[in-house]
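K.L.:
Given only the sequences and the hints, what does the whole structure look like? Please build it.
Below are the chains, spelled out letter by letter.
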Amino acid sequence: MKHIKENSCRRFARLVPAGFALALVAFAQVCAVPQKAGAQEIATLEAPSPLVQIRIMVKAGSAHDPEGKEGLAYMTARLILAGSYGRPNRPVTKEAMAELTRPWGGGALPGVRVDKESTTFMMTVPREVFDTYMNQVLEPMLGRPLFDEGELDRIRSEVLTYVGSSLRNENLEMLGLEALDNYIYAGTGRGHLVYGSVQGLKAITREDIRRFCVTYYSPDNVLIGLGSSDRAVRDAVTGAVRGMGSLRGVEAFEASRPGRPALVQGREMTIVAMPNSPAAVIQLGFPLPLLRSDADFWPLWVANVWLGTHRDSYSHLYEVIRQERGYNYGDYSYIEHFASRPAYLFPPFNTPRTSQYFCAWIRPITHEYVAHITKATLWEIERLIKEGLTPEQVESAKNKAKVLYLNYAETSDRLLAARVDDLFYGMTPGTPEGYLDGYLGRIDAVTAEEVNAAIRRYLQVDNVKILVVTDETQARALADQVLAGGPAWAKLPGDYQIAVTEEEGRRFYHVPEDRLDTIRLEAAWAYYPLQLEQDRVRVVPVSALFETGAFVTVPPDGR
Amino acid sequence: MHRYRLPLALMVVGGLVLCGTRPLAAQSSDGFFPYEIHKRTLENGLDVIVIPMLEFENVLSYNTLILAGARNETEPGKSGLAHLFEHIQFRHMWQGKPQGYEEAMSRMGAFNNAWTWFDVTFYHPVTFASNLNQLASLEADRFTSLKFTEEVFVTEAGTVLGEYRNSAADPGMRMDEVQLAEMYGSHGYGHTTMGYLEDVEDLPNEFKAAIGFYNTYYRPNNVVMVIAGDVGPAGVFELVESLYGSWEPGLISEQPDPEAVGGPKQAHVDWEVPVPPRITVSYKMPAHRTGTAETAVGQLLPELLVSETAPLYKKLRYEEQLVQGMGMGKAVYESFDDGHLDIGCVLFQDRFASEGEAYFERIVEEVQKAADDLTAFSSRPDAGTLLRDLKSKYRYDMLAGLNSPAATAQTFVLYYRFERDPAVMDKLVASVEVLEPGDIDLFASTYLVPANRVVVTMNGPAGGQR
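These protein sequence lines map, in sequence, to chains A and B.
The numbering used here applies: residue 5 is where the first sequence begins, and numbers increase by one.
The numbering used here applies: residue 124 is where the second sequence begins, and numbers increase by one.
In short, the hints are calculated from the structure, not lab data.
Ideal Cβ placement from N, Cα and C applies to all residues, glycine included.
There may be inaccurate statements among the hints.
Within a straight-line C-alpha distance of at most 30 Å, the following computed DSS-like cross-link-like pairs (lysine-lysine) qualify [what the hints assert, rightly or not]:
hint	chain 1	residue 1	chain 2	residue 2
1	A	Lys-98	B	Lys-514
2	B	Lys-492	B	Lys-437
3	B	Lys-437	B	Lys-388
4	B	Lys-438	B	Lys-514
5	B	Lys-437	B	Lys-514
6	B	Lys-331	B	Lys-270
7	B	Lys-453	B	Lys-437
8	A	Lys-98	B	Lys-270
9	A	Lys-406	A	Lys-390
10	B	Lys-331	B	Lys-453
11	A	Lys-98	B	Lys-437
12	A	Lys-206	A	Lys-98
13	B	Lys-220	B	Lys-388
14	B	Lys-514	B	Lys-492
15	B	Lys-270	B	Lys-220
16	B	Lys-388	B	Lys-201
17	B	Lys-201	B	Lys-270
18	B	Lys-220	B	Lys-201
19	B	Lys-331	B	Lys-201
20	A	Lys-98	B	Lys-492
21	B	Lys-388	B	Lys-331
22	B	Lys-388	B	Lys-492
23	B	Lys-270	A	Lys-495
24	A	Lys-495	A	Lys-406
25	A	Lys-98	B	Lys-438
26	B	Lys-331	A	Lys-406
27	B	Lys-438	A	Lys-206
28	A	Lys-495	B	Lys-550
29	A	Lys-495	B	Lys-492
30	B	Lys-438	B	Lys-388
31	B	Lys-388	B	Lys-453
32	B	Lys-438	B	Lys-453
33	B	Lys-453	B	Lys-201
34	A	Lys-206	B	Lys-437
35	B	Lys-492	B	Lys-453
36	B	Lys-453	A	Lys-495
Which residues of chain A face chain B? A few of them, derived with a C-beta cut under 7 Å, are [to be verified]:
hint	residue
37	Leu-55
38	Pro-95
39	Ala-100
40	Glu-103
P.N.:
Here's what the structure looks like:
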């Protein structure tokens, strides 16, 4: 994992000029954040609560799964929590841990979030039992995991059911979102589900888990967040992580470095054919060479707030597709990965990535509308690139962006989690360099010129991956339609209560004055060229997804 | 009639008595709730609560709870109106302009959302505290003088239908529909907050019925407001009074009690795609009454039945691996009328393929056995220590949930609505603290019985895929 640390240092060096870095160091000493204890970087948050939050982020995730063992990072994290710890002849089982921590509240039972580049353990502990907790739970759980074989089989079975069945058949939106997250990174270590692939999960052994733990779960590969700046708390937690990954006689994997996604060339579409799908979803996106630690992030953030704020009625895509025309329930865009989107109104922290992508998420629509709404989405992004935003629109979006802060920074849990991510990105938590700590000031400083420059520099519609999930009976027809080209309409004049008459063989549409703009825009969308070439459109059965580390696995019979 | 509603005249007197800004929570014997609570009831019956949480600098959580939801949709063919009105409220023509309200909110800057449940509809914008006057004006205008066109109504009805269709892809929603119908019949709890599909499809034609719903339930004596965050009570009551004082109160009719379940009942949902089979075992519960032992036991039931340490959970999930997931939530029985406890389980396809219906029957037996075991909770050797641990956990969990002005306001008002007592949080936690093991025995033997039980099962085509 040595390279990870080097990466982290290089990223930080790139962002902070030498002179400024010295000033920052001085500032950090005054603020005492982030703190270093041994090899760990620590972010703290002073909260008056009698409960202390702890977050421990291992800088490894599913992107570090060895090929053919997709799911190893996820299974390792789950087994740390559930696979018993302590002495083999007197193990503390997950049931015993639950009994032990119960009087201290539900937050005292450790949880974990795994993403493509990180694994974050989290817990909330009453201050009055802190030392007991360290000795009886955190230190042995991290330092002496037993990875019980029975638990491995049990969890594997559950995850296989989710990946192989539930995700493929039950939740249209989650399927589309997860599929796009793999599609963008197809061909790299990031190109499979965090949970793993069906074949990868089946191949994982207990020894693989021990090897993954030894390779990546080491004290110098973790970042720590503490809801207290108390020195005793800090010493106790750094002491507890000191024994991580010290399993005897286990050979480490060769540490892998997740590859960058290849740039998309032109436009391509993958149509996922789902049995009995009640509607269709559209996701489209492309890799974005921009992280929240980059200066250009903030103007592009403001632009995206205008274009597609998640689950909010404020933004443009929502306005033109849902609000004015009632095509669906919502339409959003993103410049950072947003994990578990359907479930959350605001992005969870602790899923940081060194590679991000732009994407638009079109919520369920009628199958027959897919071509039209795909065109609409691309047309609207292209319009944004061509026309930019007016100073008034930028001010409005900045205002909205500031309001988002109220939710992003709503709870003390979120504040601390964001500071751990700051450490990952090489930003200085607890100072104006930090993501949430500096958020309002950064938004205030953004100018309309910067926003329009960032739009032109980073957004484009020529090289895009488009992913559609639709019913299996509709998929082929959709492929034929988009390949044939030509206009694609969705709602008809009757849907807009527009009378149609015919005189002398000519058709007349009686469009009320106040609907002219609505209809004109529909026409502009309908005639927008998708420009999809024959070999860039494919229909795949849902069973071809998530089977192996590849984005699409062709069944052995070649179907 | 389980919903206590004071006559208007008495509420006015109550308002006079309670006017003022004394920190009521500080006077409670328990002192659990960490913030002061200030309450005033306006002459029209509108309850206004202010909870200063000054450590959240410049944050304002401004909440309006309408005491009407799916429960109040009792007229045949008219389900889904409460949820539709949640949407319509956002289309208010402020200053006579289409989109006027939303544009003004957008200009000011607020996170603005709402949700609908069986008993209530909850509007909960968050903004910077410096926007208090402006936000209060906008909110008062849409609640006291809502304006919208029939065209907007039809558009939103279409949006709601889209929301229904989106949810309909989840077999859980269909199971809920079947389960509620079995348990409650024609009572308002007998359908989901989304409404029956045929009613939702017909919503565009229900403009007049919708207006009637609004005129009946969006009345100040049927509303509780909670304002939390970086605000003090000084000036806030006067501001609210000046904006909401002329809102006319209305006569809110009581809802009939649900009838007995007449269980055990069982129903099945066939699903068209291969998904893991599911089962929900439900029991009708007593209505929520703060301070009673029954309600206090209800607070501990998730821990007793489906937590990682619950015997039922450990047996089904780990020892026998009969379920891949199980859970329950309190929100379906923290209710004005008799609610319901749902233990939902996700099962394994391959096991169902080999065992069939017997697999479902086994789960029902195990859940009922766990319920029966609770009737003898007090005879467990560790009953005392276990109950002590559960009380400790409950208290820490409740405390951990009060981690923002919005979360604190919502938690408070959802309990406050029952008896409208500012000390409700202290009383609720105190009622749990004094529970004895025998209270759990009594509860289980009264409510967790087959006569109160409805089971709904679901599975897809046989031979599901992996």
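K.L.:
So, for every hint listed, does it hold in this structure?
P.N.:
Okay, the hints, checked on the actual structure:
| no. | hint | in the structure |
| --- | --- | --- |
| 1 | A:Lys-98 - B:Lys-514 | holds (21 Å) |
| 2 | B:Lys-492 - B:Lys-437 | holds (14 Å) |
| 3 | B:Lys-437 - B:Lys-388 | holds (26 Å) |
| 4 | B:Lys-438 - B:Lys-514 | holds (23 Å) |
| 5 | B:Lys-437 - B:Lys-514 | holds (20 Å) |
| 6 | B:Lys-331 - B:Lys-270 | holds (14 Å) |
| 7 | B:Lys-453 - B:Lys-437 | holds (20 Å) |
| 8 | A:Lys-98 - B:Lys-270 | violated (56 Å) |
| 9 | A:Lys-406 - A:Lys-390 | holds (26 Å) |
| 10 | B:Lys-331 - B:Lys-453 | violated (35 Å) |
| 11 | A:Lys-98 - B:Lys-437 | holds (10 Å) |
| 12 | A:Lys-206 - A:Lys-98 | holds (23 Å) |
| 13 | B:Lys-220 - B:Lys-388 | violated (52 Å) |
| 14 | B:Lys-514 - B:Lys-492 | holds (24 Å) |
| 15 | B:Lys-270 - B:Lys-220 | holds (9 Å) |
| 16 | B:Lys-388 - B:Lys-201 | holds (27 Å) |
| 17 | B:Lys-201 - B:Lys-270 | holds (21 Å) |
| 18 | B:Lys-220 - B:Lys-201 | holds (29 Å) |
| 19 | B:Lys-331 - B:Lys-201 | holds (11 Å) |
| 20 | A:Lys-98 - B:Lys-492 | holds (24 Å) |
| 21 | B:Lys-388 - B:Lys-331 | violated (37 Å) |
| 22 | B:Lys-388 - B:Lys-492 | holds (17 Å) |
| 23 | B:Lys-270 - A:Lys-495 | holds (28 Å) |
| 24 | A:Lys-495 - A:Lys-406 | violated (36 Å) |
| 25 | A:Lys-98 - B:Lys-438 | holds (13 Å) |
| 26 | B:Lys-331 - A:Lys-406 | violated (40 Å) |
| 27 | B:Lys-438 - A:Lys-206 | holds (25 Å) |
| 28 | A:Lys-495 - B:Lys-550 | violated (56 Å) |
| 29 | A:Lys-495 - B:Lys-492 | violated (55 Å) |
| 30 | B:Lys-438 - B:Lys-388 | holds (24 Å) |
| 31 | B:Lys-388 - B:Lys-453 | holds (22 Å) |
| 32 | B:Lys-438 - B:Lys-453 | holds (22 Å) |
| 33 | B:Lys-453 - B:Lys-201 | holds (27 Å) |
| 34 | A:Lys-206 - B:Lys-437 | holds (25 Å) |
| 35 | B:Lys-492 - B:Lys-453 | holds (21 Å) |
| 36 | B:Lys-453 - A:Lys-495 | violated (43 Å) |
| 37 | Leu-55 | holds (6 Å) |
| 38 | Pro-95 | violated (14 Å) |
| 39 | Ala-100 | violated (9 Å) |
| 40 | Glu-103 | holds (5 Å) |
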